[in-house]
Structure formats: C-alpha cells, structure tokens
Amino acid sequence: MECDRAARFLAGFADGALGPWRRWRLARHVDACAPCAGRLEELRAMSTALREHLDYHRAPPGLAARIGTSLAREPGIAPARRRLVWPSFAGAGLGGALAGALLMMLLIQPGPSQPMLNALIDSHVRSLMADHLTDVLTSDRHTVKPWLSARIDVSPPVVDLAAQGFPLIGGRLDYIDGHRAAVVVYRHDKHIINMFTWASPGRPDAPPRTEARQGFNIVSWRAGGITYNAVSDLEADQLMAFVRDVGRGQ
Amino acid sequence: MPHLDAAYNLARWLAGNGTDAEDVVQDAYLRAFRYFHAYKGGNMRVWLLAIVRNTFFTWARENRSARLVFAADAPVAQHTEDDALWASPAPDPETLLLARLDAKTLNRLMERLPAEYREILVLREVEDLPYSDIATVAAIPMGTVMSRLSRARAALRRLWREAEDAHGV
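Protein sequence lines correspond, in order, to chains A and B. With the working numbering as the guide, the letters of the first sequence map in order to residues 5 to 254. With the working numbering as the guide, the letters of the second sequence map in order to residues 17 to 185.
Calculated from the structure, these hints are not laboratory results. Watch out, some of these pointers could steer you wrong.
Claimed, not checked - So, partial list: chain A residues that the calculated Cβ filter (under 7 Å) puts toward chain B: (1) 15; (2) 50; (3) 51; (4) 54; (5) 58; (6) 60; (7) 61; (8) 62; (9) 63; (10) 68; (11) 75; (12) 132; (13) 219.
Even for Gly, the Cβ is constructed at its ideal location relative to N, Cα and C.
Start from the sequences, fold in the hints, and give me the full structure.
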C-alpha cells in the first residue's frame, strides 16, 4: 500500500472503522512506514486527549423531573401507532401462498402478537421517559404485593431477588393491549426490568420465549393462569436468568 | 429518562451553556415522546441524540444563536491546507504534544470550533459512536462523516498549535 493511499485510511484505522482486509493491509504498511506510523500515533494522541479531558456535562439534577412534568402536561398522549402488516395474498401466486402458510405457522406458535409486543415496549419506554415507573415505590415485597392485589384481579409473584442482583423497585398498574396489567419493577445495575402480568384464566402454561426488537428483549411465558412479560434492555441471557430466578423465588 | 446524560452532554456542547442546553433537551424529549411511533427500533441513544441535535439546530436558527457557526463560515475551516498538513509526508514530533494537552486548554479550544465540529468530535470521542451512527445522528452520508471528522481534527490541531506558539509551550 502506498503512503498517500494509506493516509486516506489512517483515521478510519484509528477509529476502528475499516473492514478486516483493509485493516490488515494498513497495519502491515504502518509497521514498515515511519511517517505513517507517526501520523497514526498523532491521531491516537488526539483521540486519547479528547476522551480523557473533554468535559462530560451530566444532566443537572431536576432536569429529569422537569421533563417528566412537561410530559405529563402533554395533551392527548396518543398510544403509539400499532401496525400489523398482512401480506397481500391476492394475485401473489404460489409465492404468496407459501408466505401465507409461513405466516400461519408463525401465528400458531404461542407467544405475544406484534401489537402486543409493540404495546409492551411502548409501555416500557413510557415508564422510563415519563418517569411513571412506579405507583408504589418500595423495595419491600410485602408492600408491593398487597398494593397490587388490592387493585387488580391478578396477584403476581413479588419476590426478593436483591441477592441475585435484581433489587425490587416497586409496582404500578398499566393497561396493555386490552389487559389490565400489574407491573412489578426490578432493576439490574442501571437497567430497569418491567415485569407485566395479567390474568389469563384457563389458558395453558407456556414456557419462556425470548423476542428482541427495538433494542429491547422481551421474555414471555404463562403459568398458573397468569401471563408474564418481562421487558428490559438487558442482554437476553441476563433477562432469562432473571426470569429463572423469578420462577425459583415463587 | 433514558440516555439523559448523553443527551444533555451533546446539547451542552452544542449550546455552550447550561440554560439553553436544558431547554433544548427538554424540548427534544417532548418531541421524542410525541414521535415515538416513528421510532423504528435500533439504538435508542442514537435516535434520541438525533432528535437533540435537530432540536438544537432548529432552536439556534430561530434564535439566530451566535453558537450556530457553521463550519463553512468559520475562520478555522477556511484553512483548507489543514488537510494537506494533516497528510504531510513527514511526521511532526511537535504534534505529539497533543498528548500532553491539559484539560482546561483542550476544552477552551474545543469551544472555539464550529458547532458541527464540536458535535462530530463529541459523537465520536465521547459517545464512541461508529461512523454509521454518526451519519444517522448528524443526517449526513458516511463520506461526509469521514471528511468532517478529519477537518474537525485538523482544525483542533491548528488551534492547539496557535495556543502553543502564543504561550511558548
């Protein structure tokens, strides 16, 4: 690789933005070329200086609360538009028929529907953004459980998982795609877990299954006539570990 | 509030003061809330930062903010030889002094850069966003991300040299 060509890619190299092939070629060139090695060192020095010394302005205390207040004043906070895209079967021929069959197979699989998943994520995000995370704020499960059962026809398990790294934050009521839901809120480091529960009398049990969308993970299961959906930006395996702990703690 | 620190930090660097930054962030979160249905998934921090930057530039245009110095109008950007300097064949040992740049000077020099340069440096070096996410936030093509980043770095480097010469560091 020539120097003038290498120079064009040095910044991308320092920023980790090159593909493996170009990265390898550039590394080989820089090893053998003192001027380019010098320029690369300079790029990295500036990057280090900025990363170490540039002021990081944290949000002042009270800003979150002020935003929450102004959000609460928003007139007619409309529910997010829910889309269910149906493939057009008419005139789509065999391909359309196959797609239709595939869709049917997907629909037969137990698990939350598209609008349900959207509603869960909307509620999760709203709970974080509008600062309406909890109606009852306490780490005491003996307070959360009666509070919820007094208000709704489902008595979700409220377990103490602080030792497993999931401290209890509180609970709230919510309305998810036609279901009155009791939400138990847990935390893991900086990540919030909303566990939505509602009564599904007579419905069969279903094992946990994971969905990922919009950067969130959702684990859904059903047990003892209650439908559960845990939503978080936690990694899928961590959220699954949480779900297992909830199951053990009951 | 998700990603509030990241949103405020970007707004603060763009607006240059806390009061305006707070207004921008508050307005941006209100917009994010209203247009949440338009969120098509992906990195939520990137989506929010894009709203923050749009809110700032709208606000700055409406208020004719002095902070809104576009790169093309800024004296530091007129020196196109920066690019040539950057690609000069001989390594310049003096420039390694950048590594010894003290925090106060660096922040002061950064304040003197045009808004678009401050923005791209914060996105790249503080938020550690890849080029593709920077392209999304700043609403520019990937090629422009690279050239703007390169010009921003060259401009900062030139300011640093001037500061060095002035103080005989």
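Okay, the hints, checked on the actual structure:
{"no.": "1", "hint": "15", "verdict": "holds, 6 Å"}
{"no.": "2", "hint": "50", "verdict": "holds, 5 Å"}
{"no.": "3", "hint": "51", "verdict": "holds, 6 Å"}
{"no.": "4", "hint": "54", "verdict": "holds, 4 Å"}
{"no.": "5", "hint": "58", "verdict": "holds, 6 Å"}
{"no.": "6", "hint": "60", "verdict": "holds, 6 Å"}
{"no.": "7", "hint": "61", "verdict": "holds, 4 Å"}
{"no.": "8", "hint": "62", "verdict": "holds, 5 Å"}
{"no.": "9", "hint": "63", "verdict": "holds, 4 Å"}
{"no.": "10", "hint": "68", "verdict": "holds, 4 Å"}
{"no.": "11", "hint": "75", "verdict": "holds, 6 Å"}
{"no.": "12", "hint": "132", "verdict": "holds, 5 Å"}
{"no.": "13", "hint": "219", "verdict": "holds, 5 Å"}
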